[in-house]
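There are 2 protein chains.
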Amino acid sequence: MKLSSRITEVLGIRFPIVQAGMAGNTTPELVATVSNSGGLGSIGAGYFTPERLEKEITYVQQLTDLPYAVNLFVPSQKLYIPDKVEHMNAWLKPYRRAFNIEEPVLNMDETHQFNHAIDVVIEKGVPVVTFTFGIPDQITIAKLKERDITIVGTATSVDEAIANESAGVDAIIAQGSEAGGHRGSFTVTGSNQTPLIGTMSIVPQIADAIDIPIIASGGIMDGRGLVASIVLGAEAIQMGTAFLTTEESGASSLYKNMIQQSKETDTVITNVFTGKPARGIDNDFIHKMDEYNDDIPDYPIQNQLTSAIRKEAAQKGDAQWTHLWSGQSPRLAQNVSATLLIQRIINESKALLNS
Amino acid sequence: MKLSSRITEVLGIRFPIVQAGMAGNTTPELVATVSNSGGLGSIGAGYFTPERLEKEITYVQQLTDLPYAVNLFVPSQKLYIPDKVEHMNAWLKPYRRAFNIEEPVLNMDETHQFNHAIDVVIEKGVPVVTFTFGIPDQITIAKLKERDITIVGTATSVDEAIANESAGVDAIIAQGSEAGGHRGSFTVTGSNQTPLIGTMSIVPQIADAIDIPIIASGGIMDGRGLVASIVLGAEAIQMGTAFLTTEESGASSLYKNMIQQSKETDTVITNVFTGKPARGIDNDFIHKMDEYNDDIPDYPIQNQLTSAIRKEAAQKGDAQWTHLWSGQSPRLAQNVSATLLIQRIINESKALLNS
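Taken in order, these protein sequences are the chains called A and B. The numbering of the first sequence is UniProt numbering, which starts it at 1 and goes up by one. The numbering of the second sequence is UniProt numbering, which starts it at 1 and goes up by one.
So here's chain A without its partners, still in its complex pose (with noise of 0.2 angstroms):
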């Protein structure tokens, strides 16, 4: 076994560690010390204007000369139902009040938005990019393959992965139940549930499945998890919640105490933040929205609706009314720099290799 193989020849990487898009909480700084110590910084867009991406790309460009990741969300259907956002905004206007915040106007042009944000990838040569949520269209990936351009699709069960690698995405990254923030599905299981499949099953099973490299992700924070991570059939891994505690993430120290005193069991799913299902500390307004008697409206309307409130309470430090995504191994967290992280991660690799 070794810590080299085709996907850090793909990626032109020197360690098989990608740092997750963390849309939210990526900084120009976490994404080019990752990238400069060896490994691949990803800056999290899903959330950017066209032109805070090209801001970001810019100013990565600018304190690193190796490769990195742009990751985008790709547009997922989504029903809009006014009485139900009427229903929601009504539900959410005394959190509103309490943080004096306007209601939001809706902007439901996602696609309108990726487009231009695969237009401003193009033209600023960005090396790498990582999509979650789905899978481009053809037009999309034939643009990207155009110009070289490494394309990453994500992938939460093996029938997502094959359709993944049939579309023709060079790289597979296998989210593991465990892992922290938005779960990257873009199908059901049979019981119409989001599949939540453990990392110790479902990189194996993709593995017997595709050709293409797996990046494994969910519950990985040290060497144990790298190496085991490949000995399962991956080649490189993906960390989230792992560089969110890191010093130049763009994470509050508030959200940083959080996960670092986190236990194990205190992540649960939920919708109630964006629409979407997503791993995170369960907290007040969990609880609160488990209270709310009607369908949660679909991502991205829920998370337009609920995002000032999330973002208000962040800066006026309560845990309680913003989202903390984390994984299943916040005992693992360390709160140092991206570059120790890493070198950390690869010594004791190194050393598990040889022992």
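Derived by calculation from the structure, the hints in this document are not laboratory data. Quick caveat: nothing in here was measured; it's all calculated off a predicted structure. Mixed in with the good hints, there may be bad ones.
If chains are identical, the list can't say which one is meant, so a pair holds when it fits in one copy or spans any two.
Mimicking EDC-like on lysine to aspartate or glutamate, the simulated pairs with C-alpha atoms at most 16 angstroms apart in a straight line are [stated by the list, open to error]:
1) Lys-124 <-> Glu-54
2) Lys-78 <-> Asp-298
3) Lys-311 <-> Glu-102
4) Lys-84 <-> Asp-295
5) Lys-256 <-> Asp-282
6) Lys-93 <-> Glu-29
7) Lys-93 <-> Glu-348
Fit chain B to the supplied structure of chain A, relying on the hints for placement.
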């Protein structure tokens, strides 16, 4: 890294592979074959009367001179609410009628049966006892230790592992959320849920918290899973689903086929069969129970209420009205002898360790 460590010495086995209890599906042939092949076979005695347990142990002792285990269910808190039992009996009536089955007489004395089983284990000189659903009391632990019987507990969270270690067990099965069958949990999370932590997360976090050996379980089916578990900090693995489809297992061919034809997304966690949460292949019984508008009676009440229906359905070849426990890696299940399964796992593990 190597395949032998403290745990193979403590258990007196050649290979670090434990066959899970799988109450209702183990046979003396399976247990003895696993032990004779270098692993640790386990008699799944969770539902056995003391008389049945004694017979099974005697049979296993005739088939092997090597160590084996008995798996027992620790009696747990339960509420017997006559109205709720009556309601469930009314709901189950049409199914009992269809299968020509009488309403069962409930046997509520778990503790008496458990204590009797401990006496049998001591009298018969069983070398290893594994416990599910809790930690036995100190009197029981002292009795077993006095006879040099190795005690193995089950944990689904770090706190459960620490509690097991403090109680004096010799090793701990760390059960990840991928595992098929009953959750071994005996605590709930902050949000009152059964812990469902993926194997990739639970093993290293428990390894950092305790000093006694860990047996990893959940989603492990082959050499990749064994070596990955050792990398994560375990010293052995326990497998249920992988042994369920072997030739010596007591599972019906219907059940074996269902597992081998399943996808990783086909299982759900449900308490409708026994009153305790367990992972199994989704079917009509589970769907129908979704419509039941009352609490499911606690284990072992619900188990006894539905047991005859499930047995009769299984015997009639009806996979929709029986429990089909399976972990999240059914695509990796093999229908071979337990001996060949163990040989393959060890060969694959050695190849991985030397690669």
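Hint check results:
1. Taking the shortest Cα distances, Lys-124 and Glu-54 sit within 16 angstroms of each other inside one copy (8 angstroms), while across copies they are farther apart (74 angstroms).
2. Only within a single protomer do Lys-78 and Asp-298 lie at most 16 angstroms apart by alpha-carbon distance; the minimum there is 6 angstroms, versus 39 angstroms between protomers.
3. Taking the shortest Cα distances, Lys-311 and Glu-102 sit within 16 angstroms of each other inside one copy (13 angstroms), while across copies they are farther apart (60 angstroms).
4. For the identical chains of this complex, Lys-84 and Asp-295 are intra-copy neighbours only, at 7 angstroms inside a copy versus 30 angstroms across copies, given an alpha-carbon limit of 16 angstroms.
5. Taking CA atoms no more than 16 angstroms apart as the test, Lys-256 paired with Asp-282 passes inside one copy only; the shortest distance there is 15 angstroms, against 38 angstroms between copies.
6. For the homomeric pair Lys-93 and Glu-29, neither the shortest alpha-carbon distance inside one copy (37 angstroms) nor that between copies (65 angstroms) is at most 16 angstroms.
7. Neither within a single protomer nor between protomers do Lys-93 and Glu-348 lie at most 16 angstroms apart by alpha-carbon distance, with minima of 50 angstroms and 59 angstroms respectively.
The structure fails to meet hints 6 and 7 from the earlier list, while all remaining hints are met.
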